[in-house]
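J.: Given the coordinates of chain F, work out where chain Z should sit on it, guided by the hints.
Number of protein chains: 2
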Amino acid sequence: MPQISPLAGEPIERADAERLAGVLKALADPARLRLLSLIQSAPEGEACVCDLTAPLGLSQPTVSHHLRILTEAGLLEREKRGVWAYYRLVPTAIATIADLLTPPRKRATKKAR
Amino acid sequence: MPQISPLAGEPIERADAERLAGVLKALADPARLRLLSLIQSAPEGEACVCDLTAPLGLSQPTVSHHLRILTEAGLLEREKRGVWAYYRLVPTAIATIADLLTPPRKRATKKAR
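Just so you know, the protein sequences line up as chains F and Z, in that order.
As numbered in the working numbering, residues 1 to 113 make up the first sequence, in order.
As numbered in the working numbering, residues 1 to 113 make up the second sequence, in order.
Same shape as in the complex, but just chain F:
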């Protein structure tokens, strides 16, 4: 996960920009945002590919491809149980992205509370 905010008041380095852009690219897809949303709102906050193909209207290989991208970006974690793999959100990973995109004035206010 990237650690340096582009909004912290100092220009970010190329490597930090590339790291953050990589995670944002994983998020920046309508099917993947819907997958995150479906998993987040599933009972107990987890779902397998078998739960996700019908609501998205996508094939199992396509859903698996999107789940792999989200998992590789650190946004989902995957646990194999029996024949299926179950996915759940990594809330700290998504919160990190949100924090990096929070403008500093707002961050300062939050800290001051």
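Everything hinted at is true.
As the list makes no split between identical chains, a pair holds if one copy fits it or if it spans any two.
DMTMM-like cross-link-like pairs, simulated, lysine to aspartate or glutamate; straight-line CA separation at most 20 Å:
hint : residue 1 : residue 2
1    : K25       : E77
2    : K25       : D99
3    : K80       : E46
4    : K80       : E44
5    : K25       : E72
6    : K80       : D51
In short, the hints are calculated from the structure, not lab data.
T.: Chain Z only, in chain F's frame:
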């Protein structure tokens, strides 16, 4: 700007996912993240293309292209003064994205404070 969070606890609709993915795509590029960062840290929080080509090591047409994508996504605002256009961040736009990506438990805690 999108208004519905994919993490709110209900599956988001396709149109909302497409809207949010569009803004995230504008953000999900290392050169554009560095541009936001350079503009944010510039004196008085604004910069023209003339200020941005050298630190990025990119040509003026390339920088202008990236600035146009960020402006069309609502993340930058542009003001023409004399021969140059000056760009500054739209802090509420970036804060909106950060809020949409803040997991609900964290949002609830913030509200409760």
